[in-house]
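Input sequences plus hints: build the corresponding full structure.
Residue numbers (the working numbering), protein chains in the order written: chain A, 1 to 281; chain B, 1 to 531.
Incorrect hints may have been included.
Said to hold, decoys possible - Chain B regions said to be covered by chain A (calculated; three or more residues, Cβ under 8 Å):
hint, segment
1, 356-365
2, 502-512
Said to hold, decoys possible - Listed next, the stretches of chain B that the computed footprint assigns to chain A, with coverage defined by at least 3 CB atoms under 8 Å from CB atoms of chain A:
hint, segment
3, 316-329
4, 341-351
5, 370-384
Unchecked claim - Computed cross-link-like contacts, DSSO-like style, restricted to lysine-lysine with a CA-CA straight-line distance of at most 27 Å:
hint, chain 1, residue 1, chain 2, residue 2
6, A, K242, A, K101
7, A, K141, B, K416
8, B, K488, A, K141
9, A, K262, B, K504
10, B, K528, A, K99
11, B, K385, A, K152
12, A, K69, A, K226
13, A, K155, B, K504
14, B, K528, A, K250
To be clear, the hints were calculated from the coordinates, so they are not data collected in a lab.
Quantities reported herein were computed from a predicted structural model and do not represent experimental measurements.
Even glycine gets a Cβ: it sits at the ideal position worked out from N, Cα and C.
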Amino acid sequence: MKQELEAEYLATFKKTVAMHEVFLQRLAGHPTLRNDTNFRVFLEYSEDLNVRGKNKKERIGGLLKSISKQADEVILSNQKDVDEFFEQQRVFLVEYHNKIKDSTMKSDKMTRSQKNCADTYIKVSGGFLGLSTIENTSLQKFFAQIAEHFEKARKIEGRVASDGDLKQSDTLRYYLHDSKAAMDLLYRRSRALANYEAANKALDKARSKNKDVKQAEDAQQLAMSKFERMSDVAKTELTDFKKRRVAMFKKNLTDVAELEVKHAKAQIQLLRSTLATLKEE
Amino acid sequence: MMEGSQPPPLDDISPDEKTNSDDDMFTSAVDTMQKRKPNGIAETLNDDDDDDDDDEEEIDLQGSGDLQHHPGHFQPSPVSHPQLKVDLSHSPAELSSEPAYASAKSDFESSSPASLKPTSAISSGTPIAHSVSKAAEEADDPELDDESSDLFVEIKVSEAKKIGDGMNSYMVYRVTTKTNVPAFRKQEFSVSRRFSDFLGLHEKLLGKYLTYGRIVPPPPEKSAIGMAKVKMTKDDSGALDFVERRRASLERYVNRTARHPALCVDPDFREFLELQEDLPKATSTSALSGAGVLRFFSRAVDTVGKMTLKMDETDQWFEEKQQQVESLQHQMKKLHSSVETLVTYRRELATNIRTFATSSAVLASAEEHSGLSRALSQLADAYEKLEGVYGQQAETDFYVLAELIRDYLALLDAIKECFHQRVKTYQTWQYAQGMLTKKREAKVKLELAMKTDKLPQADEEIKEWEQKVQKGEEDFKAISKMVRKEVKRYERYRVQDFKDAMIKYLEVMLQGQQEVLRVWENYLPEAKSIA
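Right under this line is the structure:
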């Protein structure tokens, strides 16, 4: 019993740790973000970081912001982008995001089912053990061995479930969030574009009215430079996103396959040995 | 084993040996038999393979007349071991297959002509049985050695077909038998039967054998929900799960009954397997019939009786066995529920794998990187294959494990019935004993009161009750012995069945895991090759 709890704790721990690691590695791999002071402090400061949790005000503020953002997104989603690349990216990302959400959910369901199966093994093992204690025939030893088998099999099945969860589901989940982040980027860019266009219009209006021209020009310049800079960075980021995605999936799918092979082999080994012991009775 | 056997010459059996206390019940039957044609009997024994219908017919009529007078004694089975599969070293026992028919042939009105052949054996059966029983109680143990014989009965239930429409529809199953037991007319034959026929067979067997303490295997349960599903759906594919499950449990039921040496050659059982026409509708098995209601009431009375009936158990063996049966039932129920949970979860797992596979395929189509896209679609394929493996695993979990445990739970109930029968027999005996004492007391009172005219009547009554006491005691001894034997037999089969089932289960799992391994090993290079 204690062992099972330990194993479960270990599995959850591994998962959380892995997630953190991926996050940090991503930051470190990013040419700009890796030099961020906050990041540096996080990695180097030897004392405890006192990170204040969001108080109520900040939380409500965050909630309102997200609502307004969503509304904005809807408005902006109708904006057709001139740039082919970005348009393509947007279409792709939206579709991808939805599909990966579906996959993540199903993968979670699957690993949960697997875990349920593995956990039921404990009950079955207990049942057989109960039977073996009241038996007085040769079935006693037989049942005891079966009970043991189910115990061991449960461990392996449990590991299959948790590894599947770790590698596969979490990868999918990560890319679910990452694609959301990419979409956010695009959103910010389209926001900038909208601002740019609004600034253009304001400039034209100001020029036609001949009032506050300088101001409008400045604003327009600002918006334009912001937009262009954003576009450039976004381009690199998105290509990078694709590369990273492919690499991460490759790594994790390979890992999943390798672990599954390992577990299947272990199961086969266990089954063979149990069969051998039972048959020679 | 049977071919070269020579029956012992009947002259060896002298009248003194017949008074062996173990076979009191045969004494009268054997006596009457001996008065018939011993030679004729010897003849039939000698040609046990090529039977002369005339001879048998004659002996049959004589035999039937006789044995019917001794219904209580007809059951030579405790000693005559209707063992189709027995391989006894001593020759008299080799003929034990003949007495098999003897024990089975209780209703002489049975229509099947096949009964003629076994009937002939009755006459030969009892004296031989006698000598067999004489050969020490070891006749008991070799009987248990069922496996070492060439005789087998293999029954398959298949082709569930729906007959009729709507509310009056029902399922019909094809029952195919392969056997080399001589009791049957042919070696291979098949008939159509419906579920109520199976239940009717069980009722008949129960009626005949339960009072003797035999364990009659229970049939699968009725299911109103399942049948409603069958009746309500238009075509055959409506309630496939239910029908398949019922078919499998009917097959197990029939094979288990055939495994029992006495039940296998029972004429009702043989008729069930052989008679080409439809059996008369077993209306007594339907829930709403008059007989059904009667049965319900009698069962209620019985249940109350079970709680109040107490018996001073003098036999340690029975006490132990009863406790064992109780605790076994308790444990099995627990195991059964956890196995059923496993089945449910595994089925769920298979479904979820399939949904994931489709989702993964969809994701693959959305993925713009071609290498990753291909890898994802192959992942979808791999998971589809896995779904097949796990689906099959769930089916094995169910049919090999869960259903077996359920069958044995039902069988344990049947065993409890047997024990209960024994207690009832004891009760009857004790009651007779009580009555006898009362009558004796009454007689003494009459003597004291000098009412000599009522004395002869009192004597009559005392004699009557003395006989009943004796019979009660004999019955009780017989049933105790039978129950012991049956339980031993059942135990052996239980051990064997469970061992076989578990090994089969593990083997299927092994295959499944090997398949899983193959799937993932194939996938691995694909994953690695993502550009």
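Checked hints:
1. Here the segment 356-365 of chain B counts 5 residues with a CB under 8 Å from a CB of chain A, which clears the bar of 3, and the coverage holds.
2. With 6 residues bearing a CB less than 8 Å from a CB of chain A, the segment 502-512 of chain B meets the requirement of three and the coverage assertion stands.
3. Counting residues of the segment 316-329 of chain B whose CB lies closer than 8 Å to any CB of chain A gives 3, so the stated coverage by that chain holds, three being the minimum.
4. Three residues within the 8 Å Cβ limit are the bar, and the segment 341-351 of chain B against chain A gives 6, so the coverage statement holds.
5. Residue count for the segment 370-384 of chain B with a Cβ under 8 Å from a Cβ of chain A: 5. That meets the three needed, and the coverage hint holds.
6. With a CA separation close to 17 Å, the supplied pair A:K242 and A:K101 stays within the 27 Å bound.
7. For the hint linking A:K141 to B:K416, the alpha-carbon distance of about 26 Å falls within 27 Å, and the restraint holds.
8. A distance of roughly 19 Å separates the Cα atoms of B:K488 and A:K141; the hinted pair therefore holds under the 27 Å criterion.
9. Taking the CA atoms of A:K262 and B:K504, the gap is about 24 Å. The hint holds against a cut of 27 Å.
10. Straight-line distance between C-alpha atoms of B:K528 and A:K99 comes to about 23 Å, which keeps the hinted pair within the 27 Å bound.
11. For the hint pairing B:K385 with A:K152, the CA-to-CA distance comes to about 25 Å; that is within 27 Å, so the pair holds.
12. Annotation: proposed proximity of A:K69 to A:K226 holds, straight-line Cα distance about 19 Å (limit 27 Å).
13. Between A:K155 and B:K504 the alpha-carbon distance is near 22 Å, which keeps this suggested pair within the 27 Å criterion.
14. Proposed proximity of B:K528 and A:K250 is supported: the alpha carbons are some 7 Å apart, at most 27 Å.
Checked against the numbered hints above, the structure violates none of them.
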